[in-house]
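Peer 1: Just need the whole structure built from these sequences, with the hints factored in.
For what it's worth, the numbering used here labels the leading residue of the sequence shown as 35, then goes sequentially.
By construction, these hints were calculated from the structure, which means they are not laboratory data. Treat the hints with care, as some may be off.
[Claimed, not checked] Below are the SDA-like pairs computed for lysine to any residue, each with C-alpha atoms no more than 20 angstroms apart in a straight line: (1) Lys177 to Leu143; (2) Lys108 to Glu119; (3) Lys108 to Arg212; (4) Lys150 to Glu112; (5) Lys164 to Gln120; (6) Lys150 to Arg194; (7) Lys164 to Leu223; (8) Lys150 to Ile111; (9) Lys150 to Phe113; (10) Lys177 to Leu221; (11) Lys164 to Asp216; (12) Lys108 to Val149; (13) Lys108 to Leu143; (14) Lys164 to Glu222; (15) Lys108 to Ser62; (16) Lys177 to Arg219; (17) Lys177 to Glu121; (18) Lys164 to Val148; (19) Lys164 to Lys177; (20) Lys164 to Ala114; (21) Lys177 to Phe113; (22) Lys164 to Ala205; (23) Lys108 to Ser70; (24) Lys108 to Lys164; (25) Lys177 to Ser128; (26) Lys177 to Asn224; (27) Lys150 to Glu121; (28) Lys164 to Arg194; (29) Lys177 to Arg167; (30) Lys177 to Glu124; (31) Lys150 to Glu209; (32) Lys177 to Ser62; (33) Lys164 to Asn224.
Here the structure is a predicted model, which is why all the values come from computation and not from measurement.
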Amino acid sequence: MLYTLSTDRHELRELCYHTVDGDTATASSDFLVGDSLTERGSDPDSAGWVSLMLHRYNRSTDIVPRGLSGYNTKWFIEFALPSIEQELSESVRSPNLITLWLGTNDAALPDGDVVKQHVPLAEYTANLTKIVRAFQLNAPSAKILLITPPHVDDTVRQSRSSTNQAERTNAVAGEYARACADVARELELNVLDMYSYFNALPESDRNACLNDGLHFAVKTFVGGPTQIRPVLFLVGDSLTENGVDPDKAGWAALLRNHFRRSADILPRGLSGYNTK
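Peer 2: See the structure below:
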C-alpha cells in the first residue's frame, strides 16, 4: 500500500495502528530506523516528526528512534544492523511497527563533495532488501514501513558546496525513491512516498519545507550505533505526560533529544493519577 502525507495537517497518516487502553501503563513499541532525517526528528525545538509521534502516542506505544546522521545503507548494515538485530531478538515485546528511512545519503552524487556516502542504485536496492529481511527475521510480527528519500533543493545544496556543485540533486533522489518503492512492492510492504508528495507541491512551497536544502524545517511536520542502549523510564502524572509535548518544549521531549544516541526515554505519565 502506498501512503501519503495528510495535506491539511502535515501529519504522517495511517502510519501505525494501536490498541489503546488509556488507563494502563503498559505500552507497545515502534522502532524508527534511518539516518539524520530520523535522528533530527527527535528534536522538539524543530517540532521533529519523532517527537510529535512520541507526544501523540505517549499512552499507547514507546517510540524508539534509531536515526544515525550521515549513514547510508552500506554503513547501516556494517555498523548498526548487528546491534539492532540483537536488540529486536532480545526484546520482551516485538515492536508493532518498524519504519525504515534510508537512501538520502546513498543518493549522494558519485562525483560530488560527499562521494564517500554514495551507494550505487543496485547496491542500495539489495541493501534495503537485506535490512528488511533482517527485521522480518528478528521481529516477525512487526509491520514494516519503508519511507522514500524526500526531495532536494538543488539551488541551496549547490550554494553550500565547496566546489559550487550540488552533492545531491532532486532528480537523483527521485531515482532512489522509486527504487525504495519498488523494493516495498516486491516485498509486499507499505511505503510512504515522501518524494512524490513533496514534488507534487509548487517548487517554492516544497523547498520552504527544508532548512538547508536537505533536512526538514520546523513548519514541515507541525502538523553509539553498535551498542544496546539503556532505557530511562519516566513515571508520573500529568507533569510527565505533558512533558512529551514538543510544542511546549516539554522536559521529556528535551530529554529524548539530548540522549537520542545514548538512551531510550520511555514516558509513563498518566494525567490525574495519584499514588493510589
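Peer 1: Can you list which hints this structure breaks, lowest number first?
Peer 2: 1, 15, 18, 21, 22, 27, 28
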